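Residue numbers (the UniProt record's numbering): 1 to 456.
Read the hints as simulated data drawn from the structure, not as lab findings.
If you're wondering where the values come from, they're calculated on a predicted model, not measured in any experiment.
Note that the Cβ used here is the ideal one computed from N, Cα and C, for glycine as well.
Just to be clear, a hint being listed does not mean it is correct.
Okay, the calculated beta carbon distance ranges per label pair [to be verified]: (1) Tyr-403 - Cys-181: 37 to 47 Å; (2) Asp-438 - Tyr-403: 25 to 35 Å; (3) Lys-33 - Glu-282: 56 to 66 Å; (4) Ala-419 - Ser-332: 26 to 36 Å; (5) Glu-125 - Ser-159: 13 to 23 Å; (6) Glu-437 - Glu-65: 32 to 42 Å.
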Amino acid sequence: MDQADAYSDDEAVVASLHSEAKKLETIEEYLLKQLGEVQHTRGSVISRAGNLINRRTYVSRLPDEILPRVFAYGDPTYTLESLPSHVLASHVSQRWRQVTLHDSSLWACIWRGQRTKGYPLGLLEAHLERSRTYPLHIICGDESDAFFQALVAHVDRWSSFGDSNLGDGYSRALLRLADLCAPALRSLSLTASVGRNLSRTILADGAPVLSSLIVSGGLLSEVHISFTSLTVLRIIEGGTLGVIQDALAHLPSLQTLVFGQFGSFEDRRDAPVNMPSLTTLEIGWAMSNDEPDSLPVLFSAIQTPRLEALILSYVDDAQVEPFEAWLHSGSSPRFPCLHSLTLEHVPATSKLVRAFPGVKHVVLYTNPHNDCCSVLETWLQPAAGDSGDPWPMLQSIAIKARYHIQPYDPSHFVASRSAAGRPLQKLLMDLRVLPGEDVIRGLKDHVQFEELLPDV
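Can you build the whole structure from these sequences, using the hints too?
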C-alpha cells in the first residue's frame, strides 16, 4: 500500500467517525429534551403529592383504618397506562405506603382487563404475598402459564373467579378450570361462548360452596354444570331451551334464575323440569326470541311452583295476548306464592296484572311511550265483569328509570288508593324522575316516600 492509499483510508475513517458523532449528538439532544420533560412531570407529581399529604387537607386527617376503604373504591384493574389505585397510593407518602402494604384486603383483588396485553408477574406475586390469607377475587383471561400456575398455588383462597374473555372468543381459562378443586370458590363467571378441547365438566374436582354462576348460553351446550350448592344462575345470550332444561335438572338448590337473550326453543324437552326451590326468576329481552308464545312455552318447560319474585323485561306486543291467555287458563293463579313483580317495557293491560292477585311489591320502569303513572292507573282499572281490586295486597311501588328520564307525578294514583280505603304504604322513586318539591311534600302526607339511587 502506498502513502496515497493510506491517506485515503484515514479520511474515510475520519468521515465515518464524524458521521457517528453527529448521530450521537442528535440522540443526546433528544434525550436531554426527554429528560427535561420527565423532570417537569416529576416536579408536577411531587407538587400534587405534596398537596395531598399536606396536613391541612382532609385526606391527611383520615385515620389509618379509613384510608384503605378510600383506596378500595379506586380502579383495581392493571392497564398499560396505570397501576391499580392502591399501588399508586403507596407512592404518595410513607404513611400511605405503610397503610396500603399492610392491608390484605387491598391486595385481594387481581383484575386484568380484557384488552390488557399483560399483567406483570411481579405485581401478581406482590398481590398473592400481601393479601396473606385473605379471600382472592380474580378476573383474568388468557394469561401465561406461569401466571395461572401462580394463581393455582393459592386456589384454596379463591372466592370469586371471572373470565375476562367476552363473546365468541376462545378462552384458555375454561380449559384450565376443568380439573381444579376450588374449596372456597363462591362466585364463577364464564362469559366466553365457546371453548377448545374442553372437558365436559368445569371444576370436575369440586367447588363445594359455589353459590353464584354466570355462564353464556352457548357454553352450556359444551360443558356440564352440576353444583349442588348453586343458588344463583345467570345465563347470558343464547342457549337453547332443551340445553337449559338439562342444566337446571342438576341444580337442586337453585333459588334465583336470570335469563338474557334466548337462543332457540326448538329442542325443548318433552317433560318439564321442576324447580321447587326457585323463588326469583328474571327474564330479560323476552321479545328477542320473536315467537309470540315464547313466554307460555318457557313457563311450561320450567315449572316454578314457589316463585316469589318475577322480573319481566322487554315483552313485545305480540307476546302479551298469548301470555295472558296462559296465565288465566287455569282455575287458580299460575304463581300463587308471587308477591313481587317487576315490569320494564311491558305493554300495559289490566288483564295481565290481574293474573298476579297476591302481589305486594311492584317495580315499574319508565318508558318513552307512556306516562308510567297513567299506565299504572290504567292497569288498576276494573276489567270487564270484574270490579275487584287486582292487587288487594299491594303495599309498595317503586318507579325506576333506565334510559327514559322524565319527571313523573304519582299523586293522583296515591290519592285514589287512599280514597278507596287501600292506601299505599310506601312509594319509592328514582331521583332522576322526581316531581317538584311541592308534589313530594304532598306525597309524604299520604305515604312513606323514599328516593332511589339510579340503577348501575
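* **Numbers of unmet hints, in rising order** => When the structure is compared with the hints, none of them turns out to be violated.
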